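K.L.:
Each chain, letter by letter, is given below.
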Amino acid sequence: MFTYSVNMVILGRDNNAMKLRINGRDHEVDVEPGMPLLWVLRDELDMTGTKFGCGVSSCGACTVMIDGVATRSCTLPVANAQDKNITTIEGIGSPANLSAVQQAWIEHQVPQCGYCQSGMIMAAEALLDEIPDPTDEDIDQKMTNICRCGTYQRVRAAIHTAAKMRNQASDLLGSI
Amino acid sequence: MAEKKKRFTRRKFLIGSGVVGAGLVIGVAGLNHHVNKKIKKYSGQGLGDGSSLNAWIRIAPDNSVTLAIARAEMGQGVYTSLPMLIAEELEIPMESITVVHPQPESPYANTFLVTQQEPNAFKGYSLMEKVYAYLPVVGTGGSTTIPDGFNNMRYAGATAREMLKEAAAQKWGVSRDLIKAEAGQLIYQDKKLSYGEIASAAADIDLSELPTLKNRKDWKVIGTKAKRLDVPEKVVGEATFGIDVRPAGMLYAAMLHPTTIGGKITSIKNKEEVENMNGVQKVVLTEYGAAVIADNTWRAKNGTLMLEVEEDNGGNADISSEAIFSSLERILDEAPIATPENEGDTQSVLAQGESISATYRAPYLAHATMEPLNCTVKISDESAEVWAGHQAPSVAKDMVSQESGIKKDNVTIHTTYLGGGFGRRAEPDFILKATAVAKEMPGVAIQTIFTREEDMRNDMYRPAALSRFTAKVKSDGDIEAWDNMMALQSVSHSSMNRIMPSMAVKPKDDTATAEGAAHLPYHMANRRVAFGNYESPIQVGFWRSVGSSQNAFFTESFMDECAHAAGQDPYAFRKEKLNSHPRFAAVLDQVAQMSGWGAQDGKYRGIALHKSFGSIVGEVCELSKVDDTTFSIDKYYCAIDCGTYVNPDTIEAQMEGGIVFGLSAAIYGEITWRNGQVVQGNFPDYEMVRMNVSPITQVHIMEVDEYPGGVGEPGTPPAAPALANAIYAATGQRIRELPLIKSGIEFV
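Top line first, the protein sequences correspond to chains V and C. First residue of the first sequence? That's 1 in the working numbering, and the numbers climb one at a time after it. First residue of the second sequence? That's 1001 in the working numbering, and the numbers climb one at a time after it.
Treat the hints as calculated values from the structure; they're not laboratory data. No experiment lies behind these values; they were computed from the predicted model shown. Any given hint could turn out to be false.
To be verified - What follows is a set of in silico ranges between Cβ atoms, one per label pair, in the way DEER data are often shown:
| # | chain 1 | residue 1 | chain 2 | residue 2 | range |
| --- | --- | --- | --- | --- | --- |
| 1 | C | G1744 | V | L45 | 43 to 49 Å |
| 2 | V | A157 | C | V1626 | 20 to 26 Å |
| 3 | V | G24 | C | E1233 | 18 to 24 Å |
| 4 | V | D67 | C | I1741 | 35 to 41 Å |
| 5 | C | E1095 | V | H160 | 24 to 30 Å |
| 6 | C | S1267 | V | H160 | 55 to 61 Å |
| 7 | C | D1409 | V | G68 | 50 to 56 Å |
| 8 | V | Q103 | C | E1272 | 51 to 57 Å |
| 9 | V | G24 | C | S1632 | 41 to 47 Å |
| 10 | V | T144 | C | L1305 | 24 to 30 Å |
Cβ atoms here follow ideal geometry from the backbone N, Cα and C, with glycine treated the same way.
Given these sequences and hints, build the entire structure.
P.N.:
Written as structure tokens, this is what we have:
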């Protein structure tokens, strides 16, 4: 018999009303507590910026921040995301008000197909929050997402550029 | 039979009667039919505000320009490079452009994809080009977007520019020649009009002559690092991929395929039980497999995991990787079915004296696009609406019509961004399956998705291949004879039977099989390249760079073996065989020079040179040795001659990414079979190069004033042999089998 590399245990089959705080706004959902946060975002709330890639926490296309920590949402039961601050790609910048990471991504023309880039950007944001001036070794260690188009060298360059932009901005704030 | 004959006659009649000529952009006479009178003939003319100047260009009163670009944007930058060609001639800023994807209609055909001839629709199509435009063949693949569009898009822009100038000339009562078009403005002395102000009048202009294109020296856009138009929305999560569409009332379906290749699910044992699961709307059985339709992707997927099905394995349960490779080895010893190259008398030369011989091996590979396959279909009474990222929307349209019985004219295809294509999204299977599922719930849009496991186990794989070389290398380095016998499944035979059966080829006529193996640029007096065919129920398909993906590894590794057999430097050995191919020699010199070839700096270097899709690419891999089996890939140096180049930043990106794609396959990639089933299902067992292993690539684009070649694929083929040759330089170990991890080599 064929066996799937099944990644999700089918937890709690009955719906549960839950409150989620996403990008600073409260949302109510009524779903199974075991439903991965990814599918709550994409299919229940139609926030499609966060992507499905593998379903097994391997590729990182679904990366969001939970209380500031880069987290793969495809295996995170939504119940575990209650009472936490969830940040998605929709929450870090808009076309008119881009984050430093997003600006650096444009400067270095990072995306190709672009499908993995929401997750890649979220991982980079979390990395820079934790390590404001990362070395190449830090980037190798923290940036574990897959990009099938192979944009890694531009991701690396853009992270260094974003780090400079963020550090200059904070120096400026400090000097006021 | 009678039915068939009738159809053929009708098509012939249409072509003969000139309907094709009148309806298309053919020649000056055809131009006016095409450039309309505000009559919407093609979908590209109806998109966005304003006035259409032709099937591609629409200008709004506020001077914003909407361009209809019918090529799949899958990361290779066509939503920017084709607009650059139009902008160059139309004289508009890139910032004023919005790109939309039109329906698959005749003006948007990719004739180069089929003919491999430089088209110029405005000067007139050849008969075969007319046929492919009439069908039409609207697709993206084979690195053909620029070779197909280079003339056509510039003429589209130039034609519109002259229409705008003529409208202004008539308004001002001056000769058209005196008016200058610049940055979306028409200028004569102190008079000025924006394109938007005159576009409506310009749409009525009949041009009697073909416009003159700008001289190369006057180009302001082509050849510059224009910023990609699709990047801003891709960094904020707003780009819409197929999986992101949300038409009103849409439901989600997950596919469950038969587990055995060529098998069939014959019944579902627990339909009712699964239909009672939370959110599940319906369980369906189609000829392609079962599907669970639910109100959410996760619930649909859980439904498929609970399904209990009966399956007919089609008699294929004994397919295994071991059996496949035994068959391939046997085929190497049989007479070839085709000999694409046979110069001199290779066999006689090889029969005398000493020769060297080696057999190379490459595995089946999956595409593993980042966006798992999906397609959204809504079937209504007499029409169908489809949302998909597909490389060939004309094929998608045919397939939806065929599967649903709805007339082709009533099928609308919304082409989204593609989360990776690599050839996988040229296949019709996921369109057919989604249509079969949607048929079960008419009136409802249904997004059918393959989970990663279903995607990886139901791919159209790059075929496994063997290549057995025998060569006679003289002590002075001359290759007196070169024999290459290959064994593999035919990609074009398998794939074209699915995509466009009318254009399917027999295995012996498949030019993709020896692509990159025959007609090498190196001087070899006697050479034979031949292949045998392996028949299998395994479906094989176009995988980024196709035949070159394995043939470059085979030929460029064995060239290295020949160099070492002659005791020569691998770069010098190649160079002296390129006297009659200066473009190859220049690329080789360039990449060797960039890489510091020959430096004694503790680094190990491997070189490879390969032409594919009209472009010549040389690569040098630079390795550091961590220990005897562990290496760090520090750098790749890459030189490309793609003739005239359009967007150098995109070309650099395609080389960087193409190399990583080649390295993922070289280091990790392998799909294996056991009991007729694919073993690998997800990334942990089908690994990819990630940040820590990825090299830094330095790219040089050669300045060559020739017709452009493709750039989406040619970066991939030399990556594997450059790496394997560098490993030989570091260890003296010749790797003849991919992936490298099977030889116990690791990368950090």
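K.L.:
Give a verdict on every hint.
P.N.:
Do the hints match the structure? See the list:
| no. | hint | in the structure |
| --- | --- | --- |
| 1 | C:G1744 to V:L45: 43 to 49 Å | 47 Å, holds |
| 2 | V:A157 to C:V1626: 20 to 26 Å | 24 Å, holds |
| 3 | V:G24 to C:E1233: 18 to 24 Å | 22 Å, holds |
| 4 | V:D67 to C:I1741: 35 to 41 Å | 37 Å, holds |
| 5 | C:E1095 to V:H160: 24 to 30 Å | 27 Å, holds |
| 6 | C:S1267 to V:H160: 55 to 61 Å | 58 Å, holds |
| 7 | C:D1409 to V:G68: 50 to 56 Å | 54 Å, holds |
| 8 | V:Q103 to C:E1272: 51 to 57 Å | 54 Å, holds |
| 9 | V:G24 to C:S1632: 41 to 47 Å | 42 Å, holds |
| 10 | V:T144 to C:L1305: 24 to 30 Å | 27 Å, holds |
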